[in-house]
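Chemist: Here are the chains, one letter per residue:
Protein chains: 4
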Amino acid sequence: MTDPGQLEVAGLCGSLRAASYNRSALQAAGQLMPAGMNLRVASFVEIPIYCADEQERAWPSAVLALGDAIAQADAVLICSPEYNFSVPGGLKNALDWLSRLPRQPFKGKPVAIMGAATGPVGTARMQYDLRRILQFLDAQVLLKPEIFIGNAKAKFDDEGKLVDETTLKFIGDQMTALERLIRREQAVNGAG
Amino acid sequence: MTDPGQLEVAGLCGSLRAASYNRSALQAAGQLMPAGMNLRVASFVEIPIYCADEQERAWPSAVLALGDAIAQADAVLICSPEYNFSVPGGLKNALDWLSRLPRQPFKGKPVAIMGAATGPVGTARMQYDLRRILQFLDAQVLLKPEIFIGNAKAKFDDEGKLVDETTLKFIGDQMTALERLIRREQAVNGAG
Amino acid sequence: MTDPGQLEVAGLCGSLRAASYNRSALQAAGQLMPAGMNLRVASFVEIPIYCADEQERAWPSAVLALGDAIAQADAVLICSPEYNFSVPGGLKNALDWLSRLPRQPFKGKPVAIMGAATGPVGTARMQYDLRRILQFLDAQVLLKPEIFIGNAKAKFDDEGKLVDETTLKFIGDQMTALERLIRREQAVNGAG
Amino acid sequence: MTDPGQLEVAGLCGSLRAASYNRSALQAAGQLMPAGMNLRVASFVEIPIYCADEQERAWPSAVLALGDAIAQADAVLICSPEYNFSVPGGLKNALDWLSRLPRQPFKGKPVAIMGAATGPVGTARMQYDLRRILQFLDAQVLLKPEIFIGNAKAKFDDEGKLVDETTLKFIGDQMTALERLIRREQAVNGAG
Numbered sequence: 000m001t002d003p004g005q006l007e008v009a010g011l012c013g014s015l016r017a018a019s020y021n022r023s024a025l026q027a028a029g030q031l032m033p034a035g036m037n038l039r040v041a042s043f044v045e046i047p048i049y050c051a052d053e054q055e056r057a058w059p060s061a062v063l064a065l066g067d068a069i070a071q072a073d074a075v076l077i078c079s080p081e082y083n084f085s086v087p088g089g090l091k092n093a094l095d096w097l098s099r100l101p102r103q104p105f106k107g108k109p110v111a112i113m114g115a116a117t118g119p120v121g122t123a124r125m126q127y128d129l130r131r132i133l134q135f136l137d138a139q140v141l142l143k144p145e146i147f148i149g150n151a152k153a154k155f156d157d158e159g160k161l162v163d164e165t166t167l168k169f170i171g172d173q174m175t176a177l178e179r180l181i182r183r184e185q186a187v188n189g190a191g
Numbered sequence: 000m001t002d003p004g005q006l007e008v009a010g011l012c013g014s015l016r017a018a019s020y021n022r023s024a025l026q027a028a029g030q031l032m033p034a035g036m037n038l039r040v041a042s043f044v045e046i047p048i049y050c051a052d053e054q055e056r057a058w059p060s061a062v063l064a065l066g067d068a069i070a071q072a073d074a075v076l077i078c079s080p081e082y083n084f085s086v087p088g089g090l091k092n093a094l095d096w097l098s099r100l101p102r103q104p105f106k107g108k109p110v111a112i113m114g115a116a117t118g119p120v121g122t123a124r125m126q127y128d129l130r131r132i133l134q135f136l137d138a139q140v141l142l143k144p145e146i147f148i149g150n151a152k153a154k155f156d157d158e159g160k161l162v163d164e165t166t167l168k169f170i171g172d173q174m175t176a177l178e179r180l181i182r183r184e185q186a187v188n189g190a191g
Numbered sequence: 000m001t002d003p004g005q006l007e008v009a010g011l012c013g014s015l016r017a018a019s020y021n022r023s024a025l026q027a028a029g030q031l032m033p034a035g036m037n038l039r040v041a042s043f044v045e046i047p048i049y050c051a052d053e054q055e056r057a058w059p060s061a062v063l064a065l066g067d068a069i070a071q072a073d074a075v076l077i078c079s080p081e082y083n084f085s086v087p088g089g090l091k092n093a094l095d096w097l098s099r100l101p102r103q104p105f106k107g108k109p110v111a112i113m114g115a116a117t118g119p120v121g122t123a124r125m126q127y128d129l130r131r132i133l134q135f136l137d138a139q140v141l142l143k144p145e146i147f148i149g150n151a152k153a154k155f156d157d158e159g160k161l162v163d164e165t166t167l168k169f170i171g172d173q174m175t176a177l178e179r180l181i182r183r184e185q186a187v188n189g190a191g
Numbered sequence: 000m001t002d003p004g005q006l007e008v009a010g011l012c013g014s015l016r017a018a019s020y021n022r023s024a025l026q027a028a029g030q031l032m033p034a035g036m037n038l039r040v041a042s043f044v045e046i047p048i049y050c051a052d053e054q055e056r057a058w059p060s061a062v063l064a065l066g067d068a069i070a071q072a073d074a075v076l077i078c079s080p081e082y083n084f085s086v087p088g089g090l091k092n093a094l095d096w097l098s099r100l101p102r103q104p105f106k107g108k109p110v111a112i113m114g115a116a117t118g119p120v121g122t123a124r125m126q127y128d129l130r131r132i133l134q135f136l137d138a139q140v141l142l143k144p145e146i147f148i149g150n151a152k153a154k155f156d157d158e159g160k161l162v163d164e165t166t167l168k169f170i171g172d173q174m175t176a177l178e179r180l181i182r183r184e185q186a187v188n189g190a191g
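Going line by line, the protein sequences match chains Y, G, B and P. Take the first sequence: its letter number 32 is residue 31 in numbering that gives the first Met the number 0, and every next letter is one higher. Take the second sequence: its letter number 33 is residue 32 in numbering that gives the first Met the number 0, and every next letter is one higher. Take the third sequence: its letter number 178 is residue 177 in numbering that gives the first Met the number 0, and every next letter is one higher. Take the fourth sequence: its letter number 157 is residue 156 in numbering that gives the first Met the number 0, and every next letter is one higher.
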């Protein structure tokens, strides 16, 4: 929000694996963003398991840092695998902490969701749970296009780079739609 | 499973808070179990955020311990709050680790679910997500009675003890139904 | 949309029962709307079970009429019971027909959801399924306040009128929030 | 249940379209059933939209007939498209009627679910909603294998026949698993 012409997007990958398909898809999205829109990848790797008693003693610095990254961004892009038919526990745990912050960073924030999986359903179960969770947080979740990257093995090359043309096209479309949602929200809120 | 006449139930509380309503409800369930059925409370407090790279290096001992506790129990009872319209990240994260164990401990395991919340919906959103997750793990989730402890403040006393008679009656009914499910599964599997 | 100062809201009740709690709650909402906002109750009572072959032969007039009512309204208010843990089939069937209309009437339309039930969960399961369905239809579903009228018997009087003060307060708040959402959408779309 | 050696499966197609992919997949399942297991396709085509007032006046004969077909079968196989991210309204409406029958036909009944769709997600959203609905009805829903027939156009031939080998293999596996579930339930209930 520093340069009114630039749009900053905080990226969150639901997997902590270094060679994650979803991390790679997130990077592809960063490269497919419209001009003037930049991706900054954030992480929940240092965030401990949520405990209300610990919150009362002191907020973990990793929670405050991620909260600031989201609050300062114009939008959030979450790219996540599906674990056991739902949202990865680590990602959900980060959202549980963030939801308790006195100044809730997702409130009114445009959010886009993508997911890659080796199976055919392509993280659909994860995405609908995540949409409901973000509804509770008052986020402005982008409705469409939805991006389900199923059968991921066939769509990434040996270096783990996303190379499937159809998928890349959809991701570019989603980034354009996310830009439109950001501009729209800024217009409504008088920030644009 | 050591004493064929005794049934051991591993209890999991979805909240790490010491004074959690759900921890208290879990203890109430332990006291309302039929004769010969015992509750042993387990925990995910030491389990780190799931990372496939860490799994490849070495399984965390807390994961192995919880996996053993569940594998050796005749059933599992999960009592959890709802965080942000779904399963607490810490509980989901524990399930994500457990699901990767070579010998998956939830397979065919009878599981009962309860939840307490201060709001009116009483953890219903959490419970249906949890049922879907446990379906993926091939658990035998008890269908009914479902237990939604809404408006929890009015149902626990000042020491945090569950005192609402209707709720206690439902929990006793669920424990009886869980015993029946365990006996039934043992009969089918020739273990009884 | 005829009088720019007036806001028309098409109301849909998920139950066809004459003495339905939800019909009564819908009427209460109509009376609690801010000045200049009017409720017109529509219905799916004449809509047959969806069949693509029938659609190809001819659109049922009841579908066209409901589609027009929604297209011409500034917003939609759906008040529905929960049947078997989800959206009543009759309501879902109406949405299935409407979704096929060449000019899809829910696209961009502000929608608010309420529900009354005799049980404690107050239609929460129905509401989250309905939100996902309306997401597919590109509707602008109001995020909050959510209204779950649980234990309905205690909140309606002998004539079936909604008399619970807390619930009436929440409904009034939701109508105010709906008006704000309508004005906001009109501002964005240049229609206001 | 007339011949103890024969297993009768009532088949329900969620689409009323004559040339439905799901009707075709249902027929394929009938041919892939183990010896001694037979499919009888039932339908909800004559069932009106649910109305409690109509129920009080008289049960529609089509509801009673479908209820009998299910009550007398050893299992139910539902093969359905996904409409607007959930269960087709017509199918849900039939379940809404059936759930009110004094002798609820789904209670304890083994049920298997399949679905075909032209999109990539292959009816996953429909299937999880349907599982929750059937849980409420106390059905014994088969956990696995799940069958999501995505990108249906490529898997059916010009006459609408399911020809994809991988899919046919999965369907055969599901029918074998359904037979095992039926036998298991019969053993537990002393009916086998």
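Everything labelled a hint here was simulated from the structure, so no lab data went into it. Mixed in with the good hints, there may be bad ones.
One copy or any two copies: either way a pair holds, since identical chains are not told apart in the list.
[Stated by the list, open to error] Mimicking SDA-like on lysine to any residue, the simulated pairs with C-alpha atoms at most 20 Å apart in a straight line are:
id, residue 1, residue 2
1, K152, R179
2, K154, W58
3, K106, V44
4, K154, G118
5, K154, F135
6, K143, A153
7, K143, M32
8, K154, P59
9, K106, A70
10, K154, Q185
11, K106, E184
12, K106, R56
13, K143, R99
14, K143, G107
15, K106, L141
16, K160, D52
17, K143, P101
18, K154, Q54
19, K168, N150
20, K106, Q30
Chemist: Work down the list of hints and note, for each, if the structure agrees.
Modeler: Quick rundown of the hints versus the structure:
1. K152 - R179: Neither: 31 Å inside a copy, 33 Å across copies.
2. K154 - W58: Cα proximity of K154 and W58: none, with 40 Å in one copy and 30 Å across.
3. K106 - V44: Neither. Shortest intra-copy (23 Å) and inter-copy (30 Å) distances fail the 20 Å Cα cut-off.
4. K154 - G118: both (12 Å within a copy, 17 Å between copies)
5. K154 - F135: Classified as neither: same-chain Cα gap 33 Å, cross-chain 25 Å, threshold 20 Å.
6. K143 - A153: For K143 and A153, the Cα distance exceeds 20 Å both inside one copy (24 Å) and across copies (25 Å).
7. K143 - M32: Within one copy, since 16 Å is at most 20 Å while 31 Å is not.
8. K154 - P59: Answer is neither: 38 Å inside a copy and 32 Å across each miss the 20 Å cutoff.
9. K106 - A70: Within. Shortest intra-copy distance 9 Å satisfies the 20 Å Cα cut-off; inter-copy 30 Å does not.
10. K154 - Q185: neither (35 Å within a copy, 41 Å between copies)
11. K106 - E184: both (12 Å within a copy, 18 Å between copies)
12. K106 - R56: The answer is neither: 25 Å in one copy and 39 Å across copies each exceed 20 Å.
13. K143 - R99: Answer is between; shortest inter-copy Cα gap is 18 Å, intra-copy 28 Å.
14. K143 - G107: both (17 Å within a copy, 12 Å between copies)
15. K106 - L141: both (14 Å within a copy, 14 Å between copies)
16. K160 - D52: For K160 and D52, only the inter-copy Cα distance (19 Å) is at most 20 Å; the intra-copy one is 42 Å.
17. K143 - P101: between (30 Å within a copy, 19 Å between copies)
18. K154 - Q54: neither (42 Å within a copy, 25 Å between copies)
19. K168 - N150: both (17 Å within a copy, 19 Å between copies)
20. K106 - Q30: Classified as neither; 27 Å inside a copy, 30 Å across copies.
Consistency note: the structure conflicts with the earlier hints numbered 1, 2, 3, 5, 6, 8, 10, 12, 18 and 20.
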